[in-house]
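Chemist: All chains should be built: construct the whole structure from the sequences, respecting the hints.
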Amino acid sequence: MHLTRSSALVALLLTCGLAQAEVRVEGPVEYGVFEGPQAELQSGERVLRRSNEQIRQTESVPAKLGTKFGMRYQLAGKIADDQPLTLLYFTPGIRTPDGVRHDKFEVIQKLVPGASQDVMAYEFTESHEVVPGEWRFMVFQGDRLLTQQRFVVR
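According to numbering that gives the first Met the number 0, the sequence shown is numbered sequentially starting from 0.
Any given hint could turn out to be false.
[As the list claims (entries may be wrong)] Within a straight-line C-alpha distance of at most 16 angstroms, the following computed EDC-like cross-link-like pairs (lysine to aspartate or glutamate) qualify:
1. K109 - D80
2. K109 - E21
3. K63 - E125
4. K63 - E34
5. K67 - E21
6. K77 - E25
7. K103 - E128
These aren't lab readings, by the way, just hints derived from the structure by calculation.
Modeler: As structure tokens, then:
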């Protein structure tokens, strides 16, 4: 009977230890403009892009269709089905064609333990998205801020 209680206690402590594992950014965070194919795009057009594009480190982003900017980072401590990431994109105020203003976009992203890198990026694909001003990207897990970056679209 005593052995059963001890085993249950050890199992409970191990489970609690796993639940308390914290996701954290490991190594440097790359940020800036993704160096993809250069093309003159029309609103709504997209170009197929590679997942391992080089990033030109800068906080200054050209206000031009086809520009992709953001962050690439490596997360350690990821466990499948753990609390997902919340990606917050703060904009200077995107006004969609229906007239609604969007100062923030929120994306919930599941943790993928096998992924060697994670990316938070925005690509201008519609004319109404190309809004000059300050953009801020923030990555959270729950209420813990993992990383953030500021950009100025000009």
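Chemist: Could you run down the list of hints and mark each one as holding or not?
Modeler: Status of each hint after checking the structure:
1. K109 - D80: At roughly 7 angstroms apart (the allowed maximum being 16 angstroms), D80 and K109 satisfy the hint.
2. K109 - E21: Holds, at roughly 15 angstroms.
3. K63 - E125: holds (10 angstroms)
4. K63 - E34: holds (14 angstroms)
5. K67 - E21: Between K67 and E21 the Cα gap is close to 30 angstroms, so the pair fails against 16 angstroms, i.e. violated.
6. K77 - E25: holds (11 angstroms)
7. K103 - E128: holds (12 angstroms)
The structure shown violates just one earlier hint, number 5.
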